[in-house]
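There are 2 protein chains.
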Amino acid sequence: MAVNLFAPNPDDIFPVAGVELGFARAQIKSWDRRDVMLMRLCPGSHVAGVFTQNAFAAAPVQLCRQHLKAGADIRALIINAGNANCGTGKQGLQAAQATCKAVGLALQCAPEQVLAFSTGVILEHLPVEKIIAAVPQAVASLSEGNWCEAAAAIMTTDTVAKAVSQRVQIDGTTITVTGIAKGVGMLQPNMATMLAYMATDARIEQPLLNKLIKEVADASFNRVTVDGDTSTNDSFILIATGKSGHAQLRSENDQGFQALKAALIAVAQELAIKIARDGEGATKLITIEVEEAASVEEAHRVGKFIAHSPLVKTAFFASDPNLGRLIMAIGNALPQLDTSRVNLWLGDVRVIEGGQRAASYEEEQGARVMKPAEITVRLALGRGAARTTVWTCDYSYDYVKINAEYRT
Amino acid sequence: MAVNLFAPNPDDIFPVAGVELGFARAQIKSWDRRDVMLMRLCPGSHVAGVFTQNAFAAAPVQLCRQHLKAGADIRALIINAGNANCGTGKQGLQAAQATCKAVGLALQCAPEQVLAFSTGVILEHLPVEKIIAAVPQAVASLSEGNWCEAAAAIMTTDTVAKAVSQRVQIDGTTITVTGIAKGVGMLQPNMATMLAYMATDARIEQPLLNKLIKEVADASFNRVTVDGDTSTNDSFILIATGKSGHAQLRSENDQGFQALKAALIAVAQELAIKIARDGEGATKLITIEVEEAASVEEAHRVGKFIAHSPLVKTAFFASDPNLGRLIMAIGNALPQLDTSRVNLWLGDVRVIEGGQRAASYEEEQGARVMKPAEITVRLALGRGAARTTVWTCDYSYDYVKINAEYRT
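If you're matching them up, the sequences are chains A and B in order.
Just so we're aligned: 26 in the numbering used here is position 12 of the first sequence, and the numbers increase by one with no gaps anywhere.
Just so we're aligned: 136 in the numbering used here is position 122 of the second sequence, and the numbers increase by one with no gaps anywhere.
Certain hints may be false.
Where chains are identical, the list cannot tell them apart; a pair therefore holds if satisfied intra-copy or between any two copies.
Calculated cross-link-like contacts (lysine to any residue; reagent style SDA-like; alpha-carbon spacing at most 25 Å) [what the hints assert, rightly or not]:
#, residue 1, residue 2
1, 415, 377
2, 415, 389
3, 104, 363
4, 228, 76
Hints in this document: simulated from the structure, not taken from any laboratory.
Modelling step: build the complete structure from the supplied sequences, incorporating the hints.
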């Protein structure tokens with residue numbers, strides 16, 4: 015039931031020099047599909063990551079943090095679907111370490127140069143021997159052209175693989191930004207989305223990359239929500255292989271940095287929006303624009319309150335312009351709000367004016383703008399000049415069905 | 015689909031000396047039912063109230079706050095179902111004032127001695143002339159024995175009327191506590207539930223009553239949640255008519271105060287639990303006991319995170335012991351939690367031990383305890399001695415259905 019979302023056309027997804035991707039069937043669950051993805055990075059690549067804030071952060075997330083903190087020269091990433099390796103204690107950590115070791119052996123690097131990721135069911139031990147057995151198969155398939163296959167291999171309840179690519183000029187050189195991601199439930203990323211991997215051949219120093227990834231995450235994955243639940247395995251990784259020929263980027267003032275940042279944000283936002291389009295049971299993509307807030311944080315808070323309200327989400331599913339639920343969510347987000355300054359639009363129709371139903375508003379207009387599969391809510395708070403955009407989807411019968419039957 | 019909830023037996027609901035209740039058919043909506051309720055209080059009654067924190071507090075809530083703040087000798091309450099009189103600006107305030115005035119005229123008191131309440135659809139103007147026209151009918155039916163009828167008149171999407179009564183001894187005198195409430199969506203009360211009215215014939219001074227109502231709300235209505243959304247019209251009113259013969263209660267140390275407080279909390283908790291049982295589309299009542307927290311606030315935060323997670327709620331609907339979703343919710347509530355100290359029970363089965371799946375746990379045990387319509391989750395955080403209990407219900411197909419079709 016994804017909203018206007020189609021599998022990526024391989025012609026639109028450009029390889030990134032220095033990144034090869036492979037995949038394998040490890041049969042983590044009793045399914046017949048690729049469920050392991052491997053990325054090999056060329057020497058000299060810089061890698062940055064942001065991860066879930068959940069206290070029950072999965073074993074691979076804990077290990078990734080260690081490996082990145084140690085400043086290791088990361089050379090490979092391995093991702094499995096079907097099991098999250100979370101709430102698995104010491105045994106889980108050992109399983110993640112064993113995975114890194116197997117990849118290191120196969121690619122001739124140290125285990126600390128490998129990042130492992132898992133997504134799937136929580137609190138069950140990872141069948142690590144199956145992943146280790148699948149490594150040679152993944153290595154054999156390594157190729158720079160495999161981004162779309164990689165996107166498919168990391169899916170769980172996703173209905174469509176998610177990949178986005180963009181090219182941009184830096185200093186006369188064309189550089190590429192390509193990313194893949196998966197959603198689609200337990201999804202209110204906090205610092206990162208469930209799993210997203212982006213790579214560029216741009217040349218950029220590690221400290222600048224570390225700063226950049228936070229800005230990219232804040233402008234994209236941190237602004238999408240499906241159900242308000244933050245997963246234990248959220249990870250967003252940004253790789254810069256440095257294979258392109260432009261001068262190394264060292265500061266935000268360097269020529270080309272802004273162009274690169276814009277391309278990274280554009281790719282990340284498109285991936286984030288794809289996640290909302292493919293939210294569990296989604297029939298609508300809802301874009302919430304919050305304007306005239308006192309701060310970006312405040313704008314974000316109000317956007318999330320609207321996006322998380324089950325009453326708002328079920329009204330969108332019904333294509334019902336239920337304005338009362340929208341103002342309820344706004345009033346809960348900001349108890350001290352002067353409601354008489356609030357204006358709200360559904361699509362191009364002004365529905366709330368000065369905190370009340372707009373005099374010009376007629377129910378038929380609301381019904382008209384609520385019908386399409388993509389709806390924009392625009393809210394002006396009358397408190398300042400800050401703004402943000404949040405993306406979400408509706409709650410349908412299928413949301414309940416998918417999540418009631420997930421483990422069966 | 016209420017969970018083990020039946021209409022109150024009128025024999026179990028005791029009148030409170032000094033409180034008469036009446037009702038009328040005002041046809042606020044095109045329905046054939048009683049939709050206006052009137053309470054007349056004897057002179058000398060003390061009244062305290064707590065209200066929604068939502069910035070879009072409805073017009074009658076704003077007016078109630080004024081009337082209570084002014085210290086007026088409250089003599090009557092009028093409640094209508096079918097329209098919330100919220101987001102209605104100055105006209106809404108005038109409508110609430112006109113209602114108070116009409117009741118004052120009929121009962122020979124000032125408008126400031128009347129509290130008006132509304133519940134129903136938001137952002138539509140109150141058909142105040144219909145309410146005014148219904149006042150004589152409501153006055154004509156006033157009687158001390160009408161609590162059950164009053165509970166039915168204030169229902170909206172409630173499937174069952176909610177009334178609870180208890181008797182307790184103070185200083186050798188039997189006093190009565192009786193309350194009614196309505197739910198059942200847009201419900202995460204913040205200081206109060208949607209609408210709850212409790213009365214006692216106990217003699218208690220106003221300042222002590224004002225303090226007491228907050229404690230009663232915190233122990234009951236503030237611990238129940240259906241969907242995490244806080245309504246614009248939440249109001250909880252506590253009336254003490256002083257008609258009984260015991261010595262006036264002036265301080266918490268006075269004889270009988272603790273007995274009265276216990277009775278008030280017991281009645282309020284039972285009303286709160288009835289609201290969870292009748293949550294929109296509910297098929298399960300879920301009691302979440304959080305223990306070993308560093309503070310009551312922390313215990314409450316964790317309980318609410320579990321109770322609000324749509325993934326947890328859909329798993330309960332499916333009777334699926336999906337432990338991963340429970341630990342996800344706990345980890346999100348307390349990002350700094352030492353997960354290795356966490357223990358969790360479903361019913362009598364220990365499912366999580368030291369942050370991992372309990373060694374003794376087998377899936378069939380989980381399936382067994384998830385089957386009944388009433389399930390207790392017990393969580394020990396290993397951080398301190400504070401504890402709380404939170405009540406909620408599951409998310410079913412009918413939750414989506416009820417809320418998708420609410421306005422049609």
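Outcome of the hint check:
no.	hint	in the structure
1	415 x 377	between (31 Å within a copy, 21 Å between copies)
2	415 x 389	both (24 Å within a copy, 21 Å between copies)
3	104 x 363	between (56 Å within a copy, 23 Å between copies)
4	228 x 76	within (18 Å within a copy, 43 Å between copies)
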